[in-house]
Each structure stands twice: as structure tokens, then as C-alpha cells.
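Chains as they are written, first to last, in our numbering: chain A, 2 to 112; chain B, 22 to 168; chain C, 14 to 131.
None of these hints come from the bench; they were simulated from the model. Do not rely on the hints blindly, as some may be mistaken.
Claimed, not checked - Restraint-style ranges between C-beta atoms, simulated for each label pair:
no., chain 1, residue 1, chain 2, residue 2, range
1, B, Met102, C, Pro56, 49 to 57 Å
2, B, Met102, A, Ile62, 35 to 43 Å
3, C, Phe126, B, Glu48, 25 to 33 Å
4, B, Thr54, A, Asn41, 20 to 28 Å
5, C, Asp129, B, Val151, 43 to 51 Å
6, A, Asp14, C, Asp129, 15 to 23 Å
To be verified - Below, computed lysine-lysine pairings styled on DSSO-like, alpha-carbon distance capped at 30 Å:
no., chain 1, residue 1, chain 2, residue 2
7, C, Lys100, C, Lys18
8, A, Lys74, B, Lys25
9, C, Lys117, A, Lys43
As the list claims (entries may be wrong) - Chain B is nowhere near these chain A residues, computed Cβ spacing over 12 Å in every case:
no., residue
10, Met2
11, Val15
12, Thr18
13, Lys74
14, Ala87
Everything numeric in this text was worked out from a predicted model, so none of it was measured. Built from N, CA and C at the ideal position, the CB exists for glycine as well.
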Amino acid sequence: MNIHEIASKLSLDVKTTKGDLEREVTGCYISDLLSDVMANGKEGDIWITHQTHPNIVAVAILKNLSGVIITNKRVPEEDTLKRAEAEHLTIMTGQAPTFEIAGMLYHFLRC
Amino acid sequence: MIIKNSIEGSFHLTGGDFTNAGIASSELKSILTELGLDDNVIRRAAIATFEAEMNVIIHAIAGTIYYSIMPEHIKIIVNDMGPGIEDIELAMQEGYSTAPDWVREMGWGAGMGLPNMKKNSDEFKIDSVVGEGTTVEIIINIKQGLR
Amino acid sequence: MTFRKIIATLEAEVIFNSIDIETEIYSVCSTDLMSDLLRFSIPESLLITGLTQPQVVRTAEIADVTAIAFIQDKRPEKEAIELARQKGISLVVTRLSMFTACGKLYVEGLRSFPEDNK
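Work out the full structure: start from the sequences and follow the hints.
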């Protein structure tokens, strides 16, 4: 499943314009701790988080993640989006809590 | 449950003391529970106090929580010797935070503290002087229907 | 969803239990941000988290959380277990990742908001 399909199935709001929406999502990692994602995130994972500050872009790029989903109606900081555009990283936001977004994604990816 | 006389007390807080962070709020919660107050009132008071307590631990050198439980309401005043807040309006915005990364790695400092205190209060006041400290006053009504 | 079903779904190890295993859990919050737990959690809920410090248990107590599930085989610190005993909060550990833990519980019908629970 690619980023675009996930965005449409989970009713996510795509906040960036320069990321590759056709990119294949190979897994998912959920954490609000940047160090945890640095240690355990895998290339191609989509990252679900509550964090909105610019450092998430650096982590996602370093780990070559396929995109970031910010949950629970949170709004990414302006600087976060600017950096994401510069790095061609897709950032999406969702209205639902992390648990629901994760659950729906699991349902689509695995079932 | 009717409270005839006011019940008062205080807790001292030490900045940076994460080991004991939350003990004061937990004790206040026990006191309110023993008084047999409404669960929702207890919950809101505990959450608002806990957020205030965490702010002192994260940002200040030291602080004090004063509480008084009166027949109509619970009043909680938290003051600290800390850096103060330059722009209170900005600090009240969800997601705005000046907490360092190591605090964020412990699951705190996501910029939800002050908004969450306000959300759980019936009346909420904040005063701050840069370089001196911050005082928050939280009032939670006990009587139902006042909210 | 009963606590029994949550334990079974997560293939979890019970570190400490203070409740009847048939107790209904009405809500769930998956987060590593303690402020989020205070803001969004609903009483009698399950917290799923990757943090293991005693502060997690203290925050859970303030937020009226019934049980905490630690993911990825992360073991709560000794002080956290002791505090959970004092406060009567149940602790379980699962080897599953946060994604798989949330996914399995969701597929079984657990939801964040009590009114959506099956």
C-alpha cells in the first residue's frame, strides 16, 4: 500500500506537497520518543506520532521512513512543514487518536 | 458530601526532582477521595494540580502547592521560583513548549500543560514575572451544576 | 473488552494484577506523552506505552487508568511496580510492538471512546 492509498483510506490530511505519494509503505512504527524511533524505526515504515516539532523530520529522513502521521488533531509546527518540504518528506495529520489510526492501518495492511 | 470547615495544606516542590514528581498531586487526590467528593471533581483537581506540579519540576528551582478545600470549591495555588513566562498568551497555546529535549524524552513537555490546567478548572488565573517566577490559581467548583 | 481478553490478545505477561480478570475496560489510550494521557484518557481505561518509569504509574493514577500495557517487552522499573502495587494499577508486558498491539486490540473491537466499544 502506498502513502496516497493510506491517506485516503484513513481520511488523513496531507500537509506537504513535495513528498512522494506513490512511495510504498512497508511497515509502521509508533512512538512519541525520537530516540526510540532512531533505534527501532525501519526503512519504509510510516511513523505515527503525537510529536509536532521540527526534529521529527530529521529522524524520519535519517531512518528513511516513508512518511509521518501526526494524530489526535495535532497541528505540525510551521518550521516542521518547511523542513519536510525541503527534504521531500510527506507529513499527514489525522483527527483520530493514535490507537484508532494504528488500528485502521493494521486492519488494511494485514487483513 | 458537605464540608463544614475549610481544609488547608501545602506541599513543597523541588525543581528537577523527577523521582518525586507527582507525589503531591497524588496525596491531594487521596485527601479529596477520603472526603468523598464527586469522582469528576477529584479527577479534574488531580489533573490540574499534576500539570502545575510538573511545570514546577520541569522549569523552576522550587515551588509550593497550597490547597484549600471549601464547601463550594477547591482552590489550588501553585507558585514557583523560576524563569517566568515571557508571553503568557503564547504559552497557553496547545503544543507550545520551552521544555528541553530530555524532558520530552520522558514523555513531558509537549506544550499541553497550561491548556490542560485551564480545561480542568472552573476558574483559572496565571501571573508571571520573567526572572522571578510564576503563580497559577486553579478553582474547581464542588457543587454540581455550577460548571 | 474484558481485561482477560486484553491479556490474551496481547499475549501479555502479567507483572502485577489488582483487579478481577473479568473487569470490563472501556477505553484505551496509546501514548508516550504523559500530558496526552492526562488530557485524553477516560476513566477505567488501558494505557499502552513504551515508557517504563515510575512517573508513568503516577500519571496513570491521576488519570484513573485501570491497567498499563508495556510494549516491545519493555519491563517497568522496580519502583514503578512498587508504586503500582500501592495504587492498585495492573501492569502487563507484551512482546508486541505498539503497532501490532494497537492493531490486534482494534481488530478485536477495543476503541478509544467507550461509546464506540463493541
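Distance restraint evaluation - aspartate 14 of chain A, aspartate 129 of chain C, Cβ atoms, bounds 15 to 23 Å = holds, 21 Å
Can we trust that threonine 18 of chain A is non-interface, i.e. its beta-carbon lies farther than 12 Å from all of chain B?
-> Non-interface label stands for threonine 18 of chain A: nearest chain B Cβ at 22 Å, farther than 12 Å.
Take the C-beta atom of phenylalanine 126 of chain C and the C-beta atom of glutamate 48 of chain B, compute their distance, and say whether it sits inside 25 to 33 Å.
-> holds, 31 Å
Evaluate the given range 35 to 43 Å for the C-beta pair formed by methionine 102 of chain B and isoleucine 62 of chain A.
-> holds, 41 Å
With respect to the beta-carbon atoms only, verify the hint that aspartate 129 of chain C and valine 151 of chain B lie 43 to 51 Å apart.
-> For aspartate 129 of chain C and valine 151 of chain B the Cβ distance comes to about 45 Å; the hint holds.
Verify the proposed pairing of lysine 100 of chain C with lysine 18 of chain C, using a straight-line Cα cut of 30 Å.
-> holds, 23 Å
C-beta pair methionine 102 of chain B, proline 56 of chain C: status relative to the range 49 to 57 Å that was hinted | violated, 35 Å
Straight-line alpha-carbon gap lysine 117 of chain C to lysine 43 of chain A, limit 30 Å = Holds, at about 20 Å.
12 Å cut-off, C-beta based - lysine 74 of chain A kept clear of every residue in chain B | Contrary to the label, lysine 74 of chain A does not stay out of reach of chain B, its closest Cβ about 9 Å off (not over 12 Å).
Determine whether the non-interface label on alanine 87 of chain A survives the test: each CB of chain B must be over 12 Å from its CB.
-> holds, 21 Å
Is the Cβ of methionine 2 of chain A more than 12 Å away from each Cβ in chain B?
-> holds, 29 Å
Between lysine 74 of chain A and lysine 25 of chain B, is the straight-line Cα distance small enough, at 30 Å or below?
-> Given that 30 Å is the threshold and the Cα spacing comes to 43 Å, the pair is violated.
Consistency with the previously given hints fails for numbers 1, 4, 8, 13, ordered from lowest to highest.
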